[in-house]
Every structure is written in C-alpha cells, then in structure tokens.
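Student: Each chain is listed here by its residues.
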Amino acid sequence: METYYHPADLGKFAEMGKGNKELWEKFQNYYAAVFREGALTEREKALIALGVAHAVQCPYCIDAYSQACLEKGSNVEEMTEAVHVACAIRGGASLVHGVQMRNVADKLCM
Amino acid sequence: MASSLKARGNLLANPSEQLRVLTRTDCIVPFEERMRRAGLDPLYATGITVFQINVGKLCNQTCRHCHVDAGPDRRETMSRETAELCIRALAQTEMAQVDITGGAPELNPNFRWLVEQAKALGRHVIDRCNLSVLLLASQADLAEFLACHEVEVIASLPYFRSAQTDAQRGAGVFEKSILALRTLNQLGYGRQGTRLLLNLVCNPVGAFLPPKQEALEAQFHRSLEREHGVVFNHLYTITNMPISRFLDFLRETDNYEGYMERLVNAFNPAAAAGVMCRYTISVGWNGTLYDCDFNQMLDLPLHSGLPRHIADFDAGLLHQRRIVTCNHCYGCTAGTGSSCGGSIA
Chain A
1 METYYHPADL GKFAEMGKGN KELWEKFQNY YAAVFREGAL TEREKALIAL
51 GVAHAVQCPY CIDAYSQACL EKGSNVEEMT EAVHVACAIR GGASLVHGVQ
101 MRNVADKLCM
Chain B
1001 MASSLKARGN LLANPSEQLR VLTRTDCIVP FEERMRRAGL DPLYATGITV
1051 FQINVGKLCN QTCRHCHVDA GPDRRETMSR ETAELCIRAL AQTEMAQVDI
1101 TGGAPELNPN FRWLVEQAKA LGRHVIDRCN LSVLLLASQA DLAEFLACHE
1151 VEVIASLPYF RSAQTDAQRG AGVFEKSILA LRTLNQLGYG RQGTRLLLNL
1201 VCNPVGAFLP PKQEALEAQF HRSLEREHGV VFNHLYTITN MPISRFLDFL
1251 RETDNYEGYM ERLVNAFNPA AAAGVMCRYT ISVGWNGTLY DCDFNQMLDL
1301 PLHSGLPRHI ADFDAGLLHQ RRIVTCNHCY GCTAGTGSSC GGSIA
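Chains A and B are the protein sequences, given in the same order.
Position 69, counted from 1, in the first sequence is what my numbering calls 69; the numbers after and before it change by one each time, with no gaps.
Position 198, counted from 1, in the second sequence is what my numbering calls 1198; the numbers after and before it change by one each time, with no gaps.
Just so you know, nobody snuck in bad clues.
Mimicking DSBU-like on lysine-lysine, the simulated pairs with C-alpha atoms at most 30 Å apart in a straight line are: (1) A:Lys12 / B:Lys1212; (2) A:Lys21 / A:Lys45; (3) A:Lys18 / A:Lys45; (4) A:Lys12 / A:Lys26; (5) B:Lys1212 / A:Lys45; (6) A:Lys26 / B:Lys1212; (7) A:Lys26 / A:Lys45; (8) A:Lys45 / A:Lys12.
Reference listing, derived: stretches of chain B covered by chain A, where coverage requires no fewer than 3 residues with Cβ under 8 Å from a Cβ of chain A: (9) 1158 to 1164; (10) 1212 to 1223.
Hints were generated in silico from the structure; no laboratory data involved.
From the three backbone atoms N, C-alpha and C, an ideal C-beta is built for every residue, glycine too.
Please work from the sequences and hints to get the whole structure.
Tutor: This is how it looks when you write it as structure tokens:
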C-alpha cells in the first residue's frame, strides 16, 4: 500500500546532504555532539530522545530510538515510562491552555 | 522448557543450512570483501594465548540465543581420551589461558580432571558457567571445587532483572542465577582482596547490539548489589552471533535481514583487527580443531594443510595460521566488537 512513510527511507537520511552539504555536515556534527556522553549519560539522552520522538510523533525517530534505548541498556519498562512522560507533557500542554479558555470565557460572560 | 533445534528436527540444526542462509543474504557485503576493504583480508593468527575447549553440548538449560544448540537432550561429550590429548597439547605449549566451555561444561565427567591437569601445568583456567548448574544436586560441591582451584568463573547473566533474563534463558533462571551468585560470593568470588574472579557475561535479549560495556557494567553493579546483595568483578558484553538458535529466532521473528544490516553497518575495522580468533585455538568435543567456538558450531574446520585434530596439534603450524571467516563473523566486528572477553575496541 502506498504511504508517505517508508521504513527504508530512514537509511536514506544522509541524502539530505545532497541539497546543502555544509548545512548537513553542521547538523551531523551538532547531532553527534548532543548525543555524546556529557552531564547526562548516552542512555539517559536516548530515553529523552525516545520521549521527544513520541511527542513529535516521528515514526523514523521512534524506530531509531527504540533500538538505541535497548542498545544503551534500557529496558521496556523504562522506555514505556519515557513515552508516558511525553504523553503527560503533551496532554498537560493541552489542558493548561484551558486556563486561556477560562480567561476568555470569564471576560465574555456575565 | 524449550528444546534444541536438533530435537525439533529444525533444518537450522544442520550447520550447512545455517551457512546457506548466511551466504545467500543479498542485503549484505560478503565479510571477506568488507575485510579486504579494511586491509584485513586474509586474516592471520598472531599466536595462541587462549586454548578454548568445548567439552560438549549437554546443558541443563535451553537458552533461546544459544549458538551451540545445547540442551538436556544433547549427548555429544568429550571423552577422557580426547581430554588427555588436550592436556598433552597444552603441555607442549605456553598457552596461558584454558577456557572451558560447553553446553554446561561442568556436566562433562572429565571437567574436573581437565581443571586439575591444566592448573597443575600452571595455566589460568576459566569455567564458562550458566550459574544454575551450581544448584543441581549432582553439583553440590562444584562451587567449592572451583574456588579450591582458583578457577575464574565467567557466568552468563543477560540482564539484572528477571523478565529479560528468563525471556532468554528460561523461566526461573534469574532467581537461580542470583542464588548461585550468592553462593560464589560467600566463597569469596567477586570480592576484593581474593584471587577468585567472578565475571559476568551479557548477551542482548533480542535482535540488537549490546550496550557499551563500561556503562552497562555500572548498571549491573548498582542493581545487583542494591537489590540482591551480589557482587562481581567485571561485566563482558557479547554480541549475539547470527547462527544456530539465535538465527532461528531472527528468522522466526522476521528480524534476520534487519539484524544483519545492523551488524554490517556497524562494522568497525579496529574491532576486526582485534578479534579473538587471532589469539585462540578452539577444540571441539570430538577433538576437531577450529579457529573459534562459532566456526566450530558451523562445522568450519581450520584451513586445509593445517592440523585438523588435537592429536595432530602443532603449535608451530597453528600460531600464524590463516583464519577461516564467513558472514557470521560480522557478529564479532560490529560496534565496539565482541569476544569471549567482551568488547574489543
């Protein structure tokens, strides 16, 4: 079935360098530096990435960082909690805008 | 308990069928070609420091990833005569390390004799132990025997939690492993200030590469000590080799091509230069010589012109032999590399 998302496209990510090699290389270097062990471990960073992948709902990122989390030593329980963190923040972000709704309603209503 | 591929009549019980699958995988560059590009083909040994003896396929467990296809139903076991030939070969050389594996090597009736003889020759002896064997009634004095002879124990434990460990090694194995580790700790194994080395070995519980060894070791130390009061010396990570029961798992779960691609894309020339076959000789239960335990399970003997049996052992010919490789070797060269002593690069 035709679909916008093809799993094999993840392996073609580097083709983005063909349009602008300089920007691609800068992105690559930045990306590698971000995920290098620092104040946070590589394992912790992979769990954050997995949560963000779910928040932005990127199937390529979910594929890549599910594997990366396992390869950094995380287990499915930890990965599930990372997804719940993303879910809570996304849900909370919607809900907290309810305050704006209340502000507007308070202003308009008698 | 699951049964061996052989007991199930699975085609992959036959090494030639495994090699057929491995060599007909279109999505990957042949290993020899990849090594050639890295300037490492042909691959030669650099001397032998590890004498690895596989004493047979009998095991009290049937782990899902086992490259030996070992299990309680297997009867292949090294005879006393072959064990004596091993010790004779050992005595002719200065190979420092004797690495005894299986199956569960302790179930071979000649295991303790081999240990005693190798120690009498002044060699360092390793027992690759599945831990649960220490709880068998027939092995009640095994831990004391190992401690008495200062045998290094390299014990399999894929994760510090029961769900993952039992998924790979069988129901209840984690709990048994913890009991066995506590027994070893009580004898001084894994504790500072003793000569009793207790190292753990971890294979990933699935179709992915192992974590960085140092990072995972820290997690294991924290979790095992805090939650179970267990201590150990070091953790070795080992990549699952795409052969035998793990190959069957990969194919059954439609992970085979993805896993092979993962191994190939992670090819590391530095790891390839340090693979353990370069300093190891492996002997099978029937005395046949191989470059490594994986080649042994694929029935890939040494190159022609070299001694093929322990009775013909000739260190001079074997020290700088050309090594037999195939696509399964990607398992040892991916990422930080993989060996019986953990990561390489």
